[in-house]
Amino acid sequence: MEIIPGYLYKYKSFDANNYWKDILLKKRLYMARPSEFNDPFEGQLFPFETGSCGNTINLNAGRANKDVKQFLNDYRVVCLSSNIRNKAMWAYYADNYQGFAIRFRTFKIESCEDEKNRFSSAKRVIYKSDNEVIPCQRIKGRYEARIAQRKSLLYKSTDWKQEEEFRIIRYSKSSKNKYLYFDYPDIECVILGARIDEQNEHAIATICQAHDIKIRHMWLATIDSRIEFYTDKPPRFDGSSYRKYIDPDI
Numbered sequence: 001m002e003i004i005p006g007y008l009y010k011y012k013s014f015d016a017n018n019y020w021k022d023i024l025l026k027k028r029l030y031m032a033r034p035s036e037f038n039d040p041f042e043g044q045l046f047p048f049e050t051g052s053c054g055n056t057i058n059l060n061a062g063r064a065n066k067d068v069k070q071f072l073n074d075y076r077v078v079c080l081s082s083n084i085r086n087k088a089m090w091a092y093y094a095d096n097y098q099g100f101a102i103r104f105r106t107f108k109i110e111s112c113e114d115e116k117n118r119f120s121s122a123k124r125v126i127y128k129s130d131n132e133v134i135p136c137q138r139i140k141g142r143y144e145a146r147i148a149q150r151k152s153l154l155y156k157s158t159d160w161k162q163e164e165e166f167r168i169i170r171y172s173k174s175s176k177n178k179y180l181y182f183d184y185p186d187i188e189c190v191i192l193g194a195r196i197d198e199q200n201e202h203a204i205a206t207i208c209q210a211h212d213i214k215i216r217h218m219w220l221a222t223i224d225s226r227i228e229f230y231t232d233k234p235p236r237f238d239g240s241s242y243r244k245y246i247d248p249d250i
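Per this note's numbering, the sequence shown starts with residue 1, numbered consecutively.
Because the hints were derived from the structure by calculation, they are not lab data. Among the hints, a few may not be true.
Unchecked claim - Just the calculated beta-carbon pair ranges, DEER-fashion:
(1) 19 with 129: 32 to 38 angstroms
(2) 18 with 140: 45 to 51 angstroms
(3) 211 with 233: 37 to 43 angstroms
What you are looking at is a predicted structure, and each value in this text was computed from that prediction instead of being measured. We put the CB at the ideal spot given by N, CA and C, even for glycine.
Turn these sequences into a full structure, and let the hints guide you.
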């Protein structure tokens, strides 16, 4: 059984449609179809074929069979990261440090009503170099197809390696089952970006305080090229080391 980190992170921006607010108020994460992802190679680095018409033609053209791509869209995925200190991800997924991140527990705590933590089923993404050849697998039967489809969604190019991604994958053809629901105890804290504006900080702090969610703030130790976090008081410009103010548990 794979051992996953104790915490996984979801980076978010303050979007105009208030999807960020939907996460915290309705306690749910949107599960996207693979076709909605920003990587056009999604699900195609672990090749398999079903024997359907036109498969050889597509493979010779360097493309996955269109049926394979359709099969992948029968799944929904939540993408999380095990790395909260990645500078590029704060810039890309959290609107140039103006957004926030949610720290989810992957273990169950006593105050949670459900028997199992929703995030404990997350699987680690495997990063594949472009010159690494994986033989195309012949699939026989629906059971083998399901295994191959899930496995293909856990392969990405090493170009994405810095994201240290974990995924929760569910089979769902229905347009209704598009969310991963959680409880507030699943959230260890919400982390505010270093450039968050006052209005957004107030909005998210109000929600967090109403639901007893811990807030952490970001501290940029730029001369050390480090991202750190504090809960109460920020480091002072009084000659003392910033390290005495940062949270040691993150």
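To see whether the hints hold, each was checked on the structure:
1. Separated by about 34 angstroms at the C-beta atoms, residue 19 and residue 129 satisfy the suggested range of 32 to 38 angstroms.
2. Look at residue 18 against residue 140: about 47 angstroms separates their beta carbons, and that is inside 45 to 51 angstroms.
3. One distance hint, 37 to 43 angstroms for the beta-carbon pair residue 211 and residue 233, is violated here, with the actual separation near 23 angstroms.
In summary, the structure is inconsistent with hint 3 from the numbered list given earlier, while agreeing with all the others.
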